[in-house]
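Engineer: Line order of the protein sequences matches chains D and C.
Just so you know, we're using the numbering used here here: the first sequence kicks off at 367 and counts up by one.
Just so you know, we're using the numbering used here here: the second sequence kicks off at 5 and counts up by one.
Hints are computed from structural coordinates only; laboratory data are not their basis.
Chain C is faced by these chain D residues, among others (derived, beta-carbon under 10 angstroms):
| # | residue |
| --- | --- |
| 1 | G709 |
| 2 | E710 |
| 3 | Q831 |
| 4 | I837 |
Okay, the calculated beta carbon distance ranges per label pair:
| # | chain 1 | residue 1 | chain 2 | residue 2 | range |
| --- | --- | --- | --- | --- | --- |
| 5 | D | V820 | C | M5 | 51 to 57 angstroms |
| 6 | D | V685 | C | M5 | 55 to 61 angstroms |
| 7 | C | F199 | D | E817 | 47 to 53 angstroms |
| 8 | D | G867 | C | A201 | 51 to 57 angstroms |
| 9 | D | K835 | C | R140 | 34 to 40 angstroms |
| 10 | C | G218 | D | V685 | 56 to 62 angstroms |
A virtual CB, placed ideally from N, CA and C, is assigned to each residue, including glycine.
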Amino acid sequence: MPRIGVFVCWCGSNIGGVLDCPELARVAGSFPGVVFSTDYKYVCSDPGQNLIVESIRKHGLDRVVVASCSPRLHEETFRQALRRAGLNPYFLEMANLREHCSWVHPDAQEAAQRKAIDLVRRAVAKAALLEPLSPGRIPVIKRCLVIGGGIAGIQAALDVADAGLEVLLVEREPTIGGNMVKLDKTFPTLDCSACISTPKMVAVAQHPGIKLYTYAEVEEVSGYIGNFKVRIRQKARYVDHSKCTGCGTCWTKCPTSVPDEFNMGLGERAAIYIPFPQAVPNKPVIDAAHCRQLIKGKCGICAKHCPAEAIDYKQRDEVFEVEVGAIVVATGFGLFQWEKVYGEYGYGRYPDVITGLAFERLVNAAGPTGGKIQRPSDGKEPKTVVFIQCVGSRDEAKGKEYCSRVCCMYTAKHAHQVLEKIPGAQVYVFYIDVRTFGKGYEEFYRRVQDEGAVYIRGRVSKVYQDGTKLIVRGADTLLGEPVEIAADMVVLATGVVPSAGAQDVARMIGVSVDKDGFFQEAHPKLRPVETHTGGIFLAGACQGPKDIPDTVSQASGAGGKVCALLLKDELETSPMVARVNEALCTGCLACREVCPYRAIQAVTITERLPGQPPRERVVARVTEGLCQGCGSCTVACRAGAVDLKGFTNEQLLAEVDALCL
Amino acid sequence: MRIGYYPGCSLQSSAREYDLAARLVARHLGVQLVDIPDWNCCGASAAHSTDPFLAVALPARNLVLASEMGLDITVPCAACYHRLRMAQRELAHDRDLGRKVAEVLGRPYRGTVRIYSLLETITGIGLEQLAAQIVRPLKGLRVACYYGCLLVRPPGIGCDDPENPESMDRLIETTKAETVSWGYKNECCGGALVFGAREAAFRLARDILRNATGAGAHAIVCACPLCQSNLDLRQGQVNKMFGTNFAVPIFYFPQLLGLAMGLNPRDLGLTTHFVDPQRALKVVGG
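So here's chain D without its partners, still in its complex pose:
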């Protein structure tokens, strides 16, 4: 018979103000197996924990029930107390009297007291059946994969590599740099975005600890924390980068020109190209979809002119596998596809209605116009520019409820740039609310207003072309009047959405996404860089819209988490994982179907029964490193062969009996 001790916590007046704790302790003393019970003001406090330790020693307790708050808060605290008393820490069971009882029933004290007694009886019944558990140990591969080479991926890679760990940085575009390197200046300090990001790009390329794979994609991820297997596809570049010197002859000779993605379609590039002059690596790739040689087999001009003979039209994709211990997902953001839903702004029919990111390229000295703000339609300098905020943000009618966080500030910066570069320019900004939460942001917004930007509170209901002008019609909701502005250019503060393909990445690595498709962090406040899958961390706008300071902070946070993980030689795994009783398992693998963590595998075992020849059969087996202890498999198992350690079928049924019989 186990010797159970029950400790009822008052939690000050949180529990003690509603429940009669001494009475509860007295009743608990009569439950089977309970040899000691008491109450205390704050069991989690130092003297409270000592009370547990001393009682264990004095009364020879071998199971402990703490009736206090949620196990989410203090289960680990009390387990440590058991450990200090020399008891297996998993001999602890908690009854949640606070969140499940006193807080929710303050007006029904008598009924609450009865419920509390039931909760404690349940915990005691389970405690009697607890088994000692001990964590497993798994080795750690000291290498980190970073998916995405924007500023978040770059920062995480540098931080991890600086700690002396090996990093693989995989980027699907031909260069790293992401969205940040497209920007002209950064708010609110107005320092040049390329000037602060290109040195970091170069640092990545030159870092001895970082292996850079551009124009490559992660195709498959398997394994678990500390031991991931990753398959990477290096897309064919058709240029041998070991020979190429990046001289640039090929792209000046290439006869094909296609809209330039890097310049948001405002300029053109060749079929063999580097995205921009400071690209890393600074060597071209051939865009197979547009190359004449690759499509029609006729052309070959770049190969003819290449002095290094680096062009190789026969190059194929290469697929290789690597093992890593941790993964940082930094897939960044894309722009809301406003052309599909904003009919009132013309569905993208008017060339002079552009996105904020296109404006960045337009105003960028390295952009298609050399930094002159010109209308895409006729190349004229716009005199009246209208900015519309919250296009694809805070607009339920368009399916996006959230705030994209960066648009207020980049629009203020754009307004400043128009007023600075175009003498006599008129700038109007339509807004819903102006949100300037960061350091120096509000000051910047004020400055832009002082410079002459006119802020109008209201949504724009319609933009249409009238001759060479764009007529912008909206409402000034502060004046309560309709407004009509004849503009030369309209810039939409297009919202931030997850980068294209982020859903596929999520599925591939087995992490969840939120309702808007951003990667789901493990806890919105306290675990913002972790995912629910151990060993996979998040950095930057893939987790939610972020400005550069926040992105870099989170990336460094993820880097720190990776270091903390990979600098260990071995990992302790939670012992509360599923276990398959192979003797009962029929091999139906229903458990594998429901497992959200892909922690269940089919294995073939050889069974030797007395008097029969050995026979082989398939059974399910849990990979403990992957199992998160959710218990789905135990429900799916028809044979009752799967048990979750710490929550076994027997233990749960004992609880049900205690409550219902």
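We have chain D already, so just place chain C on it with the hints.
Structural biologist: Using the frame of chain D, we list chain C on its own:
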């Protein structure tokens, strides 16, 4: 094809030429329009602004009549179309309302009738099939297709994209007339404001006329009796008020379609417009 026809009050009075053209073109295209017997007013403008129940009950009666005939219905007037669709939606979302309506009507409301605008019914025949009927191409005529508000709004009720409707443009293009791209195709014509706030309504009408002509249109094509009357009947008054000299004929889309299909202009009601369409039609040898 047989389909229930709900002309609405306007088509019996100020918009008789819309009715004439609609029936003639439909017959020519093999669409049998079956009048809903004993139909009543849809409740537009008067009922729905004063009594929310009447606003649903009036159109509901027409829907019940149509369902008793076992036919879907097509509606030429944009305001009628809007009221019928709105009533159907409200009844679909509110069971109590359905019960009350059935009680008042003394017959059950089932909500099975599909409601189409005449524009949808005609374009639904197929643009290629329509193009095959064109014997007198309107080459050289440039028109602004004008949808107004009630035909396309609100989203989910209207019969085309509320911000950039294009079905009428595609339809008129089968006649070889050119359609212009303009910003006012879904603006309000002023509607019934003419009676209460003349200047506001005339200003709206003026802006539509100005934008259409600014875009190079010889004429405006519409699918709503109220739009047509505000732009046609009131064009002289608009000119007087603002000192303008617009002479823009305002057609109903079946009129232009009928003309291109070789039907008699008089039978299509083309002689009863306030702004004489002759000058515009001269470019196509009308």
